[in-house]
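A.B. asks: Listed in order, the protein sequences are those of chains A and B.
In terms of UniProt numbering, the first sequence opens at residue 1 and continues consecutively.
In terms of UniProt numbering, the second sequence opens at residue 1 and continues consecutively.
These aren't lab readings, by the way, just hints derived from the structure by calculation.
Bear in mind that the values here come from a model prediction, so they are computed numbers and not experimental data.
Careful: at least some of the hints might be erroneous.
Pair by pair, the computed Cβ-Cβ distance ranges are [said to hold, decoys possible]:
no. : chain 1 : residue 1 : chain 2 : residue 2 : range
1   : B       : N72       : A       : R174      : 30 to 40 Å
2   : B       : V38       : A       : P29       : 43 to 53 Å
3   : A       : S34       : B       : S60       : 49 to 59 Å
4   : A       : E100      : B       : L76       : 36 to 46 Å
5   : B       : S60       : A       : A170      : 18 to 28 Å
6   : B       : V38       : A       : D214      : 38 to 48 Å
7   : B       : D37       : A       : T12       : 23 to 33 Å
8   : B       : V35       : A       : E69       : 46 to 56 Å
9   : B       : E69       : A       : A68       : 41 to 51 Å
10  : A       : A170      : B       : V61       : 27 to 37 Å
11  : A       : G19       : B       : L76       : 52 to 62 Å
12  : B       : V35       : A       : P37       : 43 to 53 Å
We put the CB at the ideal spot given by N, CA and C, even for glycine.
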Amino acid sequence: MPLYVYTITAATHPGRTEGLTGVGAEPSPLRQVSAGPLRAVVSDVDEEIRPRRRDLTAHQQVQDRLMAEGTILPLQFGYVAPDDQAVAAVLEERADAYLEALERVRGCAEYHVRAAQEEDALLREILQESPRARELNDRIRAGDADPRLPLELGELVATEVGARQEGLAADLIRTLLPFARDHNVRAPADGDLLNLSLLVHEDDEEPFLRAESDLAEQSTTVTFRFNGPLPPYSFV
Amino acid sequence: MTVAPQGGADISRRQGAGSGNLYDVLELILDRGLVIDVFVRVSLVGIEILKIDARIVVASVDTYLRFAEACNRLDLEAGRKAPTQLTDVVGNAVESGARGKSKGAVGGVVEAVKQSLTGGSDDEEPEEEEPEEAETEEEPEEAPRRRRPARRTPRRAASRESE
Chain A
1 MPLYVYTITA ATHPGRTEGL TGVGAEPSPL RQVSAGPLRA VVSDVDEEIR
51 PRRRDLTAHQ QVQDRLMAEG TILPLQFGYV APDDQAVAAV LEERADAYLE
101 ALERVRGCAE YHVRAAQEED ALLREILQES PRARELNDRI RAGDADPRLP
151 LELGELVATE VGARQEGLAA DLIRTLLPFA RDHNVRAPAD GDLLNLSLLV
201 HEDDEEPFLR AESDLAEQST TVTFRFNGPL PPYSFV
Chain B
1 MTVAPQGGAD ISRRQGAGSG NLYDVLELIL DRGLVIDVFV RVSLVGIEIL
51 KIDARIVVAS VDTYLRFAEA CNRLDLEAGR KAPTQLTDVV GNAVESGARG
101 KSKGAVGGVV EAVKQSLTGG SDDEEPEEEE PEEAETEEEP EEAPRRRRPA
151 RRTPRRAASR ESE
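Just chain A, same shape as in the assembly:
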């Protein structure tokens, strides 16, 4: 029977999964497939799994639980193996890489940071600091119907917004980086200026969380969305 594969751990991981729900409309109990020093946490699936909220949440909750008890290599959502033998074969073939990855993230969790900036404040700042933008804005507001004016203003402002947000994102990254073993920057979602993942060791967790809170408290126009500790999705 096909298996949904959640995560890979060392065979020494307690692997307790009582009370957890797997993916699917009628989820099968979670179980393990072991091979040598490694183990995969799986559940049988006899239906097509789709990225439903229920199943995404189930996937994430399994990681959360297992992460609380030891180091894990969380899989991306949605991998289904044909049978137990196929899972065991992968664990054997790639044992070295998985053991190395487990060692790399041992004692660490992922912390994810997104930030967005209040748009009006940013636009005001640009208008205050750019005489040309102010002039264009004033002319448009005064009724000048030249169609080139909004385009020039918009292009100027768009460029400024991009540059300022990138500068701010770089500042934010610099502030948090000293607490991380590794980091990963991705393109921000629409409306955001930062999409940052950090691999933080438990020894550095306290100062890191303090740095996060400080950032949030000091920021006048930036909203932060902090998530973590999370399974080290970005670092496996």
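Using the hints, position chain B against chain A.
C.D. replies: Then chain B, alone, in the frame of chain A:
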């Protein structure tokens, strides 16, 4: 203090990603994590449309006009009185009640998806109500873009510090 999902409280953080903040970790769950390429991956068709849409960043005439309109609408008098030291955010300890209302020219798609993912109780949800359905309804043209490279910083080699 504008910590959205967790308020900086260690207790809530400890719970990791519940459905309340599923949207923000959706990208991690779907796009990162360990890949085992010899296994079959379930279809993510609808979801990928959104993710691509959110990532492709194109400066367009539409974006320019949107920004121009946003500037024209601004109440500049109010703005002149308000300190907006955005770039000092890291070093400057000024507290303010500013909240994230950046939904004008710089928001939209994300919010719609967030609602579709965090909107209701999971248990009562009919099977048909999948995240990707709301996402594909978004018109790409409605999404403002910013000029930004798809990936600013390549992932550097993972550190090998041992415990």
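A.B. asks: Hint by hint, note whether the structure agrees.
C.D. replies: Here is how each hint holds up against the structure:
For the hinted restraint 30 to 40 Å between B:N72 and A:R174, the CB-CB distance of approximately 35 Å keeps it satisfied. Range check, B:V38 to A:P29: Cβ separation about 25 Å, and the 43 to 53 Å hint is violated. For A:S34 paired with B:S60, a C-beta distance near 54 Å keeps the hint of 49 to 59 Å intact. Range check, A:E100 to B:L76: about 57 Å between beta-carbon atoms, so the 36 to 46 Å window is missed.
The given range of 18 to 28 Å is respected by B:S60 and A:A170, whose C-beta atoms sit roughly 25 Å from each other. B:V38 and A:D214 have their C-beta atoms about 45 Å apart, which keeps the hinted 38 to 48 Å range intact. The given range of 23 to 33 Å is respected by B:D37 and A:T12, whose C-beta atoms sit roughly 27 Å from each other. Look at B:V35 against A:E69: about 24 Å separates their beta carbons, and that is not inside 46 to 56 Å.
Evaluation of the 41 to 51 Å hint for B:E69 and A:A68 yields a pass: the beta carbon distance comes to about 49 Å. Roughly 28 Å separates the CB atoms of A:A170 and B:V61, a value that falls within the hinted 27 to 37 Å. Between A:G19 and B:L76 the CB atoms are about 57 Å apart, so this pair conforms to the stated range of 52 to 62 Å. Checked against the hint of 43 to 53 Å, the C-beta distance between B:V35 and A:P37 comes to roughly 21 Å, which is inconsistent with it.
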